[in-house]
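Novice: Given the coordinates of chain Y, work out where chain D should sit on it, guided by the hints.
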Amino acid sequence: MLDALLQALYSGVLNGSVYGLMASGLTLIWGSFRMLNLAHGAVYVAGAYIAYGLLSALAWPVPVTFVLAVGGAALIGLVIQLALINPILENPGRDSASLIATLAASIVIQSAILLVFGGQTKQLPPLLDGGFKVGTTLMSYQGLVVIGTAVVCLFLMTVFLRVSRRGLAIRAISQNMDAARLMGIPIVPTFVVVMVISSALAGLAGVLLGSILFFTPAAGFTPMLMAMVVTIFGGLGSVTGTIWAAYIIGLMESFVAVFVGPSWAVSGIFLFMVLMLVIRPNGLFGLGEARRL
Amino acid sequence: MIGQQAENPRPWPVPTTGPRAPARLLPATLPWAETNWLGIGIVSLMMLLLPWGLTLVDGGNYITHLIITFFVWGIVAQCWNLIMGVSGIYSFGQLALFQVGAFTTGVLSFSVGLSPWLSIWAAPVMAVLSSLVIGLPTLRLRGIYVVLLTLAFHELLRNWITTGPQWISAGGFGLPLVPRLGFEHVLGPQYEKVLYYYTGLVLFGLTTYAIWRILNSPIGLAFTALRDSEDYAVSHGVDPFRFKLFLFAFSAFFTGLAGGFSAHYNGSASTSLFDFGVMINLLVMIVLGGWGTFAGPIVGTAALTFLTELLRAFDLYRILALGIAMAIIAVAAPQGLVPLCGRTFHSLFGVFFEAE
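Going line by line, the protein sequences match chains Y and D. Counting from 1 along the first sequence, just add 50 to a position and that's the residue number in the numbering used here. Counting from 1 along the second sequence, just add 746 to a position and that's the residue number in the numbering used here.
Same shape as in the complex, but just chain Y (with noise of 0.2 Å):
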């Protein structure tokens, strides 16, 4: 009974450090420019994959390929921004037209990577090898890194939220778009920025999932999908809200695979989400934003 409790504990926050990185740069994206990008989940995949590639064909060191392929996540959201959403922002049907231009980002990214990699399921080398037992539980090096990360990551959010010029900017644009652009805020600059560190949160959260899970191109749907529940659990647009949520959801998720059966996991959280919508539709730190987009 306690093994088991651990075990859903210890997967339960592992879970949460990875729907925390996704969601955080969703809800970023959504707070500041009112868009949900359905690209992040390729390029959570694309991370994964730039590290597969630059490990299979350079053979550098793990955590430098690491930090390259998190650069190359964060070119993908760049290109993606100034390509497609900059065009695009200042039209009046932009909820469409971005919902379509991310969409089509997503599949360009998917068919190129299948293009290149081909379809088997891959795997990443971990940062750290092996593990220790407690009780039955295996927790591996790999798995703490990756909640470490996350952990230090989603801090160092709220604080370049909190704290920089540019993190009040991000604040500004997000409780007030016209008044901030009256105030002087460069608001596409601004908006760039948050696609890049969205974008690279993303390929963090790919490239350390890719050592723990496998991952083929089109494996970034379900994390971008609970992500999308997360970021809906939290209210829209509160990073605060939805660091929680995130570790809600994912301890939630591995309660219920390790007490009531592996196969209720997802369609638990997707039941419960729509019962919180019914009765609660702001989310957890909502804010007042249901009726939005």
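Since the hints were made in silico from the structure, they are not lab data. The structure presented is a predicted model; accordingly, all values stated were derived computationally and were not measured. A hint or two may mislead.
To be verified - What follows is a set of in silico ranges between Cβ atoms, one per label pair, in the way DEER data are often shown:
id, chain 1, residue 1, chain 2, residue 2, range
1, Y, Leu-56, D, Phe-1060, 48 to 56 Å
2, D, Thr-1054, Y, Val-238, 31 to 39 Å
3, Y, Arg-231, D, Phe-1091, 33 to 41 Å
4, Y, Val-238, D, Gly-1013, 51 to 59 Å
5, D, His-982, Y, Phe-210, 39 to 47 Å
6, Y, Gln-225, D, Leu-812, 17 to 25 Å
7, Y, Leu-56, D, Asp-974, 52 to 60 Å
8, D, Arg-1058, Y, Leu-188, 43 to 51 Å
9, D, Leu-1094, Y, Gly-234, 25 to 33 Å
Claimed, not checked - Incomplete in silico selection of chain Y near chain D, CB under 10 Å:
id, residue
10, Asp-145
11, Ile-157
12, Leu-165
13, Ala-229
14, Val-324
Claimed, not checked - Residues from chain Y shown here face chain D by an in silico Cβ test under 10 Å; the list is partial:
id, residue
15, Arg-84
16, Leu-88
17, Gly-103
18, Ser-106
19, Leu-153
20, Ser-161
21, Ala-162
22, Val-279
23, Thr-281
24, Leu-321
25, Leu-327
26, Val-328
Don't be surprised by glycine CBs; every beta carbon is placed ideally from N, CA and C.
Specialist: Frame of chain Y, contents of chain D only:
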């Protein structure tokens, strides 16, 4: 009277154009009042004769098959466009509703043993019921919530059908032996496809006509108003929830029917149709042709169905090309190809029409 300039009943001059002009019914409000019956007659006659011509041509059977595929996906694309494009609900559950139809009639005819002619009617009914189940919690919400909940419904249904009991999933791949409609006994096996063609044509024609009537009715106007400014529409007495739910059920009916027909035509209900690629294909059909227009999804479906066959040899690059095409359209021509062609045509040749 309709379509003509009303007599000016007032003693002072009334502007006939501009914002101060008196409201009158535009000809477009009642398009069936000035239908081009000759054009429609010629097109329908050609559509009716086409399959017989194709039976004479070498490889015509395959072209008939492609046209039937076009009918099926054309129905789904039109229904999805009605929800996504016309009324602006970002629902990604249309393919799931299609699969609800396919598996309902598949289970009833294959596992229960009903005649396919009876079971196919359960498909739209079941699809409508499922659409109400999704719609009731979803449609009070907007934007990202709808995207998420409908995607979640899609994933849950896929999960449930692939891991479901033997009589639904037959081991995860779907039902391999759904009984066909028995057309091979009517006129002989060589004319089987012709009868499927006619069935598909009837379904496609019914759907297109129903959607055309809806779009050009006060209901269609209400949907457009809801999409463009919900507050304005509400202030004029449109209940968004009721209208959206009606639209959801309406499009689910035809989507489910298309799903049932496709299952009986292909003789299988496959779980591979849940793939994200199929959904993207459908979405590209809508986006390419013209998001929110009447003719857009039809043109898009035709283009994609037949172009895909021509580009069979480059299958790996096909999805990449679709993605790039979608990105270009989203950035350069967000309204799609049909309005773009219309505008281009008008700016090139409009001179000749304005002289009238």
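Novice: Does the Cβ-Cβ separation between His-982 of chain D and Phe-210 of chain Y fall within 39 to 47 Å?
Specialist: 46 Å, holds
Novice: Is it true that Arg-231 of chain Y and Phe-1091 of chain D lie within 33 to 41 Å of each other by Cβ?
Specialist: 38 Å, holds
Novice: With a cut-off of 10 Å, does the beta carbon of Ala-162 of chain Y approach a beta carbon of chain D closely enough for the hint to hold?
Specialist: 6 Å, holds
Novice: Regarding Gln-225 of chain Y and Leu-812 of chain D, is the given constraint of 17 to 25 Å on their beta-carbon distance met?
Specialist: Between Gln-225 of chain Y and Leu-812 of chain D, where Cβ atoms are some 53 Å apart, the hint is violated.
Novice: Please test the hint of 48 to 56 Å on the beta carbon pair from Leu-56 of chain Y and Phe-1060 of chain D.
Specialist: At roughly 52 Å between Cβ atoms, Phe-1060 of chain D and Leu-56 of chain Y fall inside 48 to 56 Å, so the hint holds.
Novice: Using Cβ atoms only, decide whether Thr-281 of chain Y comes closer than 10 Å to chain D, and label the hint accordingly.
Specialist: 8 Å, holds
Novice: Double-check Ile-157 of chain Y for me: the hint is only fine if its C-beta lies closer than 10 Å to a C-beta in chain D.
Specialist: Where the cut-off is 10 Å and the nearest Cβ of chain D is about 3 Å from Ile-157 of chain Y, the hint holds.
Novice: When the nearest CB of chain D is found for Asp-145 of chain Y, is that gap smaller than 10 Å?
Specialist: Holds, about 7 Å.
Novice: So, Gly-103 of chain Y near chain D? Judge it on the closest CB pair being under 10 Å.
Specialist: Check failed: Cβ of Gly-103 of chain Y comes no nearer than 17 Å to chain D, outside 10 Å.
Novice: Closer than 10 Å between Cβ atoms is the bar; does Leu-321 of chain Y clear it against chain D? Give me holds or violated.
Specialist: Holds: closest Cβ of chain D sits about 9 Å from Leu-321 of chain Y, inside 10 Å.
Novice: Between the beta carbons of Leu-1094 of chain D and Gly-234 of chain Y, is the distance compatible with 25 to 33 Å?
Specialist: Hint violated: Cβ distance 44 Å, outside 25 to 33 Å.
Novice: Hey, does the Ser-161 of chain Y contact hint survive, CB to chain D under 10 Å?
Specialist: 4 Å, holds
The earlier numbered hints that this structure contradicts are 6, 9, 13, 17, 18.
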